[in-house]
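A.B. asks: Sequence:
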Amino acid sequence: MRNSNHQYWNDQFKKLRELITNQEMYQEALDLFLELHGAVHSSRVSESGLWSFADEVLGDLTEEQYRGIPEKSDFSIVWRLWHMARIEDITLNLLVAGKDQVFNQGRWVDKLKATVIDTGNSMDRQSVRTFSQQIVIPALQDYRAAVGEQTRQLAKEMKPQELKRKVRQEDLQRIRQEGAVLGASAGLLEYWGKKTVAGLFLMPATRHNFVHLNEVLRIKKSWPKSNQASCW
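Residue numbers (the numbering used here): 9 to 240.
What the hints contain is simulated information worked out from the structure, not anything from laboratory work.
One thing to keep in mind: the hints can contain errors.
FRET-style restraints, in silico, Cβ to Cβ [what the hints assert, rightly or not]:
#1 Lys107 - Glu198: 46 to 52 Å
#2 Asn222 - Ser51: 36 to 42 Å
#3 Lys167 - Asp68: 36 to 42 Å
#4 Asp82 - Gly191: 16 to 22 Å
#5 Asp132 - Glu198: 19 to 25 Å
#6 Thr70 - Asn30: 42 to 48 Å
#7 Asp118 - Asp82: 23 to 29 Å
#8 Asn112 - Ser51: 23 to 29 Å
The list that follows gives simulated cross-link-like pairs (lysine to any residue, SDA-like), each with its CA atoms no further than 25 Å apart [as the list claims (entries may be wrong)]:
#9 Lys203 - Arg184
#10 Lys121 - Val136
#11 Lys119 - Gln185
#12 Lys203 - Asp126
#13 Lys164 - Thr29
#14 Lys121 - Ala147
#15 Lys172 - Tyr34
#16 Lys202 - Lys80
#17 Lys164 - Arg176
#18 Lys107 - Thr123
#19 Lys107 - His216
#20 Lys23 - Lys172
#21 Lys203 - Val175
#22 Lys172 - Asn30
#23 Lys22 - Gln161
#24 Lys228 - Thr138
#25 Lys107 - Lys22
#26 Lys167 - Gly201
#27 Lys80 - Glu223
#28 Lys202 - Ala105
#29 Lys174 - Glu26
#30 Lys229 - Thr70
#31 Lys174 - Leu162
#32 Lys203 - Gln169
#33 Lys203 - Glu26
#34 Lys172 - Gln161
#35 Lys22 - Glu223
#36 Lys121 - Ser140
#37 Lys23 - Leu40
#38 Lys203 - His220
#39 Lys107 - Arg173
#40 Lys174 - Glu198
All residues carry an ideal CB built from backbone N, CA and C; glycine is no exception.
Whenever a hint applies, use it, and build me the whole structure from the sequences.
C.D. replies: In structure tokens, the structure reads:
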């Protein structure tokens, strides 16, 4: 049976896609974006009291479940959280706002004990395993929340006419210079380079997070009821 919250989110996302570049509907689009974005982050990010998909799928995980790589997968749940947070941080701050990444403020490298700074796309299975055992989970949760809060502030400050602006090549170059995307993942830059500001709010900030949270949900459903740890 389809979850009514998930169906609602998908239906409202379709509506947002129709509204987001209509300047006359800007306030409605902004309110809808904030609602949908809040759902793909922990409830502390939006403080709206509304349903949080992130809380639903992540709230009851053990440390072992966060760090383990499930069968038939190349990635752990902590890798997915890192990947979501880094992509939202990179695209919304460097490409949309032309500001510094959240990651480069507040000593996040030290807090996270991060051995990488990119999106994680180019990691092989062993690299994912090593990364997943080293990363500090509470710090990762805090970093992702900080990214979400920054995105919401950017959205509130955005002028309607800016949403149709295309991504600037100099901002893509800055991503390369900061090592946020590695050469093996250069296709990301090509993909983002075809987007408008509105497109980045729609995909990395909302839909991309929803897709990866769905992956976590499917992983949880695949665990044996009697011994969930046996799949690691």
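A.B. asks: Next step is simple, just say for each hint if it's right about the structure.
C.D. replies: Hint by hint, here is what the structure shows:
no., hint, result
1, Lys107 - Glu198: 46 to 52 Å, "violated, 23 Å"
2, Asn222 - Ser51: 36 to 42 Å, "violated, 18 Å"
3, Lys167 - Asp68: 36 to 42 Å, "holds, 41 Å"
4, Asp82 - Gly191: 16 to 22 Å, "holds, 19 Å"
5, Asp132 - Glu198: 19 to 25 Å, "holds, 22 Å"
6, Thr70 - Asn30: 42 to 48 Å, "holds, 45 Å"
7, Asp118 - Asp82: 23 to 29 Å, "holds, 28 Å"
8, Asn112 - Ser51: 23 to 29 Å, "holds, 27 Å"
9, Lys203 - Arg184, "holds, 17 Å"
10, Lys121 - Val136, "holds, 14 Å"
11, Lys119 - Gln185, "holds, 23 Å"
12, Lys203 - Asp126, "holds, 20 Å"
13, Lys164 - Thr29, "holds, 15 Å"
14, Lys121 - Ala147, "holds, 9 Å"
15, Lys172 - Tyr34, "holds, 12 Å"
16, Lys202 - Lys80, "violated, 32 Å"
17, Lys164 - Arg176, "holds, 21 Å"
18, Lys107 - Thr123, "holds, 23 Å"
19, Lys107 - His216, "holds, 21 Å"
20, Lys23 - Lys172, "holds, 17 Å"
21, Lys203 - Val175, "holds, 6 Å"
22, Lys172 - Asn30, "holds, 10 Å"
23, Lys22 - Gln161, "holds, 23 Å"
24, Lys228 - Thr138, "holds, 22 Å"
25, Lys107 - Lys22, "violated, 29 Å"
26, Lys167 - Gly201, "holds, 21 Å"
27, Lys80 - Glu223, "holds, 12 Å"
28, Lys202 - Ala105, "holds, 17 Å"
29, Lys174 - Glu26, "holds, 18 Å"
30, Lys229 - Thr70, "holds, 15 Å"
31, Lys174 - Leu162, "holds, 17 Å"
32, Lys203 - Gln169, "holds, 15 Å"
33, Lys203 - Glu26, "holds, 16 Å"
34, Lys172 - Gln161, "holds, 19 Å"
35, Lys22 - Glu223, "holds, 20 Å"
36, Lys121 - Ser140, "holds, 11 Å"
37, Lys23 - Leu40, "holds, 9 Å"
38, Lys203 - His220, "holds, 20 Å"
39, Lys107 - Arg173, "holds, 16 Å"
40, Lys174 - Glu198, "holds, 13 Å"
Hint compliance for this structure: hints 1, 2, 16, 25 are broken, all remaining hints hold.
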